[in-house]
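Asker: Chains G and W, in that order, give the protein sequences.
This note's numbering numbers the first residue of the first sequence as 1080 and each following residue consecutively.
This note's numbering numbers the first residue of the second sequence as 42 and each following residue consecutively.
No wet-lab data here; the hints were simulated from the structure.
Errors might be hidden in some of the hints.
What the hints assert, rightly or not - The calculated label-pair distances, taken between Cβ atoms and stated as ranges, are: (1) Lys55/W to Asp1315/G: 23 to 33 Å; (2) Thr384/W to Asp1315/G: 45 to 55 Å; (3) Ala1301/G to Arg219/W: 20 to 30 Å; (4) Leu231/W to Phe1358/G: 50 to 60 Å; (5) Val255/W to Phe1358/G: 31 to 41 Å; (6) Ala172/W to Glu1096/G: 50 to 60 Å.
Each residue gets a CB set at the ideal place from its N, CA and C atoms; glycine is no exception.
Next come the chains, spelled out residue by residue.
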Amino acid sequence: MEAASVPAEEPRQRTSEAAWELVSKYGLIALLLALPIYYGIQDLSDDGDLSRLGNNLVDGLSNGAIWALVALGYTLVYGIIELINFAHGDIFMIGAFASFGLWGTLGLTAQTSTVGLVVGLFVTLLIAMVATAALNVMIERVGYRPLRNAPRLAPLITAVGFSFILQNVGILWLGASQVAVPDLVGSQKELVAIAGLSISRGDVLAVAVTAPLVFLLVAFVARSRLGKAMRATAQDPEAARLMGINVDTTISLTFLLGGLLAGAAGLINTLYQTSVWFFQGFTAGLIAFTAAVMGGIGNLRGAVVGGLIIGCIQQISDNRIGNEWTPAVVFAYLVLIMVFRPQGLIGEETREAG
Amino acid sequence: MTAIRGLRQAPWAKYVLPGVVIVAVALLPFFRPPLDGFMDDCILALIFVTMALGLNLIVGFAGLLDLGYVAFYAFGALVGGWWASDHFTGVNGEKGIHLGVGDFASNLPGIHINFLLLIVGAIVVCAVAGAVIGLPTLRLRGDYIAIVTLAFGEIIGRFAANGDEVTIFGDYAISNGRESISPLDSIDLLVLDQFDSALDLRPFYWTMLAIVLVALIVNIRLRDSRLGRAWVALREDEVAAASMGVPLVKTKLTAYATGGALGGIAGVFYGLYLNSINANQFQFGFSVFILAMVIMGGLGSIWGVVIGAVVLAFVNNRLIPDVLDQGFVNDIKNDIGLNFSFTEVTFGIFGFVLVLMMVLRPEGILPERRRQIELTEGTGPDESVYEARA
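For reference, chain G alone in the conformation it holds in the complex:
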């Protein structure tokens, strides 16, 4: 009896396992495609073409470029010390606030000449990036470094605390309500229209700033000596230390890079959305974290891909379901990814995944 029941049970086990494998392999991709396909069909039956969906995707990609920059900060930090830097979204918010403040200092308005605007924005970009990077490094030094050997939850709780502190700094800075910002570049003005798709100045700007930064970052991590140290530390901090790498400096450098990108994202977001709000960092942080997890946390390329995808999802949801539901939609995706494919689309490159 028993001998007979064993082979009978095995195939069933195998099918269920195979089914699970199939779900975890393609389930996420199917889920991601569900929204665009559903609305694509709806568009085809309502309007006869896909231009509405196409425009959603164009806006989504430029929005996603901003999320990608923030997501890179999450993924860099997680890759190296396995900490969800909860305050990262709020660093991004501080970047946005700093940019807005700097425009006032530099006297940039919508009437400033093109040359003045370009120079002014470039200066703003540099200062905002340096400021957020310094802030991020400082938080690491004060809040996370003393907890290097504590259980994992300890620095996470500190990070939540810092997130709240930064939000309240935001409240003290510009008040608790949304602040409208001068539309310096005319971000909603259409630049070109191809096949029913309207590409605005904001879209181009977002991609134009994001793409070089991402390439610089990837090149830095892949080619430079310090980047090599970062990768070594991410793989095995103890061994890296034995090889003469200063682990603490390398970790600080990682926070510095994350802060730089968050500052840049803050400026672009301010230009693009033409408003700043103390709470924008919280939402942005969670969206970007979802992006980082979607791509496979610790994976730079994954964070960019995840950012672009989540930007599209967010845009479709904003436009079709209603923006009051967007956080719920994004979080639902986050939970589903966590359940079905916690290693993300591309797979993570952290210590634990081996």
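Use these hints to put chain W onto chain G, whose structure you have.
Answerer: Relative to the frame of chain G, chain W by itself:
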């Protein structure tokens, strides 16, 4: 000297201090007027104590960092909103459904259910919600759990906030969104007069105190039980616990369910006490507020958590609005040119508490011994529990 030491070691000695404190707390209302701002603060503090004790089961004992505890408050409050108000006006041909309510409520339309049954309802709803929230976290490691619970808390908050757009059973919205469900039935235990927060706060106080005592007993008994030891084992080393035969799924889900149930009880009471259910209450900040109480008191330390909850509740409801924003502190602040109110930055202050506690004294004010060792000396590399599945 020896006599004192002998007394200290007597088997009943450890009950003396808690006993004295509880009697003192129970007698407190006799020394205050029936309607009193201080009594109001005390009732809120007791509500937060219950919630913090619930969160302590999840975070302190089982080591599952829950950043979405507000979900249980939301569910508890909504149970009150659904079943103790005229929210579902049209049920039973506009005559309403009534179960064990006093004379006043039994003529109103909508569903009206006795407070004690509401509590049972909240326990059931929140325990189920806890288990559902717990399910996706089973395969995840510590910090991912935090994010998933946070996501759930936000999703539920969103549903409460936009609930006026979502209808069930025909035309009933699941909540009134950012406009409150109000008024709610006041607490009516039938043997006493119906409680009235406009006349006398003391019955609310004693009812909540009774709930706190139940929560305390639940906490203490669970800590010393097989289940409590399983939680601690799980917290310290999940893989080792699993290989020693601790059923991971069951143990984790029970932690969420029990912790959630306590939050739900407090949520029902809070909703009825405030007499309105408003989605603006269900924010992420609330979860962090409760978490700060647990951290401040000491993760896993029952009496520490009670102290932490009382302290932060009073900081939130009395110190910040009534002391720091008024009188000489406010004058000094304005004199040196800082014109903000501390009420605006309440959550920043709690964030600061979190950071300060974690960096300087991670084990809390009144540490639990075992947890203190873990937090100050570390548990060694926190290995992946990715593959650990029961």
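Asker: Do Thr384/W and Asp1315/G keep their Cβ atoms within the hinted range of 45 to 55 Å?
Answerer: At 48 Å between Cβs, range holds.
Asker: Assuming the hint says 50 to 60 Å, is it satisfied by the Cβ distance from Leu231/W to Phe1358/G or not?
Answerer: Since the Cβ atoms of Leu231/W and Phe1358/G sit about 45 Å apart, the hinted range of 50 to 60 Å is violated.
Asker: That 20 to 30 Å hint for Ala1301/G and Arg219/W (C-beta), does it hold up?
Answerer: violated (49 Å)
Asker: Just to be sure I understand the hint, the distance between the Cβ atoms of Lys55/W and Asp1315/G should be within 23 to 33 Å; is that true here?
Answerer: violated (48 Å)
Asker: Starting from the range 31 to 41 Å, see whether the pair Val255/W and Phe1358/G falls in it by beta-carbon distance.
Answerer: For Phe1358/G against Val255/W, whose Cβ atoms are near 37 Å apart, the range 31 to 41 Å holds.
Asker: Note whether the CB distance of Ala172/W and Glu1096/G lies within 50 to 60 Å or breaks it.
Answerer: The hinted range 50 to 60 Å is violated for Ala172/W and Glu1096/G, with Cβ atoms some 25 Å apart.
Of the hints listed earlier, those the structure fails to meet are numbers 1, 3, 4 and 6, in rising order.
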